[in-house]
Amino acid sequence: MPPAEASPKALTHFLGISQICTWGAFYYAFPLIAVVMQNELGWSKSDLYGALTAGLLLSACLTYPVGLAIDRGYGRQVMMLASLGTAALMVAWSFIHDLTLFYLVASALGALQSAILYEPAFAVLARRVGPLNSRKGITSITLWGGFASTVFIPIEQFLLNHWGWRESLWVLAGVYLACAVGFLYFIRPELDVIHATHSTARAENKARDKSIVHQALRGPTFWLLMIALTIYACMMSTFTFHMYPMLQEKGISTVEVVQVIAVIGPAQVLGRVLISMFATSVSMRAMGSILVGLFPIPFAMLMTDSQNVWFLAGIFGLYGITNGIFTIVRSQVVPEMLSQHAYGALNGLLTIPVTIARAMGPVIAAWLWAISQDYQTVYEAILWSSLLLALTFWAANQASQRPQSKM
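Heads up: the sequence shown at position 137 corresponds to 137 in UniProt numbering, and the numbers run straight through without jumps.
FYI, nobody ran anything at the bench for these hints, they're computed from the structure.
Careful: at least some of the hints might be erroneous.
Derived CB-CB ranges, DEER-like [stated by the list, open to error]:
1) Val171 to Leu99: 21 to 27 Å
2) Asn39 to Val255: 15 to 21 Å
3) Phe158 to Ala10: 27 to 33 Å
4) Leu101 to Val255: 45 to 51 Å
5) Gly174 to Ser7: 33 to 39 Å
6) Thr100 to Ile297: 38 to 44 Å
7) Leu191 to Ser283: 27 to 33 Å
8) Leu101 to Val171: 18 to 24 Å
9) Ile290 to Pro220: 19 to 25 Å
10) Val171 to Gly73: 29 to 35 Å
11) Gly73 to Gln373: 34 to 40 Å
12) Val171 to Ala10: 36 to 42 Å
We put the beta carbon where it would ideally sit given N, CA and C, even for glycine.
Can you build the whole structure from these sequences, using the hints too?
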């Protein structure tokens, strides 16, 4: 019997904790650091978010090979080395005064995110327990990850207030270093369900997976789902990186901004707890079809000029619940809509445009802000994107239910 620390449950919980750290220390900390860097170094919002975009575009180039590497049993090396690299780059970032060097460091940082965020974590777990048995574990990982904003936004704000942005990056580097040690300890490829299969069966599975990927690319479901998830990624990335200055622009205090954003974490967890209660009986495609119809509501409400903190907290709470559940949905629609096999490869292909959109969203929003000097146009763009998301996801759902649409 393997030791307790090698159990799927232990792996699941650690992967969840790692998502708090990796999302919190980069995605949620970046907007706060960017505001301080903008004031101290005199760089524009477009400069800062352009560097982020460059990194996330490079990340798009790595998503498919990362998925393949994990499918072939290299999840431990991939996630550990990416965490070590991120820690080193965080330290390098703390010494930067030149914009060109910042672009180089930010590009490398963004590229490494392809190997440590949700998608690789889901793929590692799916390989460990099998794709058909991964739903409960994926739900658990996202439950943990939902606390990223609640934990790291107050921590980063505290570090900025008391130490400064350069010193805070050393703390964040320590977080990634701890994650690297955890990946080395908890990810045990020799215990993977897929690893345990006979070599002949593995060769057959490899050929089967290649055939499945080719067949998926010939059908409408894959492309419609890709469009839907790409729109979702662009929308969520834009909102995640700009919610802090968006709320500041409304005229509320920094303390109130942090309090409002901190609502997202518990709301996401609440949504994920609710869906976990019905995880085995509810179709993810059906749940997704409901959720995409709800996304426009909080974004439409944000277009008001209200400075009421309770009203804003309610909006962010609704967003958190909806987004929290959809995070689980997007990880599970691949087996439901496309195939129960080749999870890493199919997910990796879907993630390429998703990562590009995730990269472009924040910098496009920065450009729109620079033109109008306010976020109204950005709000409108996000709202229209949420409506288009609903239409494309519904179309993908319909296409996936046609005969021979799923492999």
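Exercise for the section: Can you let me know if the beta-carbon spacing of Phe158 and Ala10 is within 27 to 33 Å? Expected result: holds (30 Å)
Exercise for the section: Can you let me know if the beta-carbon spacing of Leu101 and Val171 is within 18 to 24 Å? Expected result: holds (21 Å)
Handout entry: Leu99 and Val171 - C-beta distance against the hinted 21 to 27 Å
Key = Cβ of Val171 to Cβ of Leu99: about 24 Å, so the range 21 to 27 Å holds.
Exercise for the section: Could you see if the CB distance from Leu101 to Val255 stays within 45 to 51 Å? Expected result: The hinted range 45 to 51 Å is violated for Leu101 and Val255, with Cβ atoms some 33 Å apart.
Exercise for the section: Kindly confirm whether 27 to 33 Å is satisfied by the beta carbon distance between Leu191 and Ser283. Expected result: The hint (27 to 33 Å, Cβ to Cβ) holds, given that Leu191 and Ser283 are roughly 30 Å apart.
Handout entry: Whether the CB-CB distance between Ile290 and Pro220 falls inside 19 to 25 Å
Key = holds (22 Å)
Exercise for the section: With 33 to 39 Å as the target window, see if Gly174 and Ser7 comply at their CB atoms. Expected result: violated (27 Å)
Exercise for the section: Look at the Cβ atoms of Val171 and Ala10 and judge whether their distance stays inside 36 to 42 Å. Expected result: Taking Cβ atoms as reference, Val171 and Ala10 lie about 26 Å apart, which means the hint is violated.
Problem - Range hint 34 to 40 Å (beta carbons of Gly73 and Gln373) holds or violated - result: Since the Cβ atoms of Gly73 and Gln373 sit about 51 Å apart, the hinted range of 34 to 40 Å is violated.
Exercise for the section: Could you tell me whether the CB distance from Val171 to Gly73 stays inside 29 to 35 Å? Expected result: 33 Å Cβ-Cβ, so the 29 to 35 Å window holds.
Exercise for the section: Confirm or reject the claim that Thr100 and Ile297 have a C-beta distance inside 38 to 44 Å. Expected result: holds (42 Å)
Practice task
State, for the Cβ atoms of Asn39 and Val255, whether the hinted interval 15 to 21 Å holds or is violated.
Solution key: holds (18 Å)
Violated hints for the displayed structure, listed by number in ascending order: 4, 5, 11, 12.
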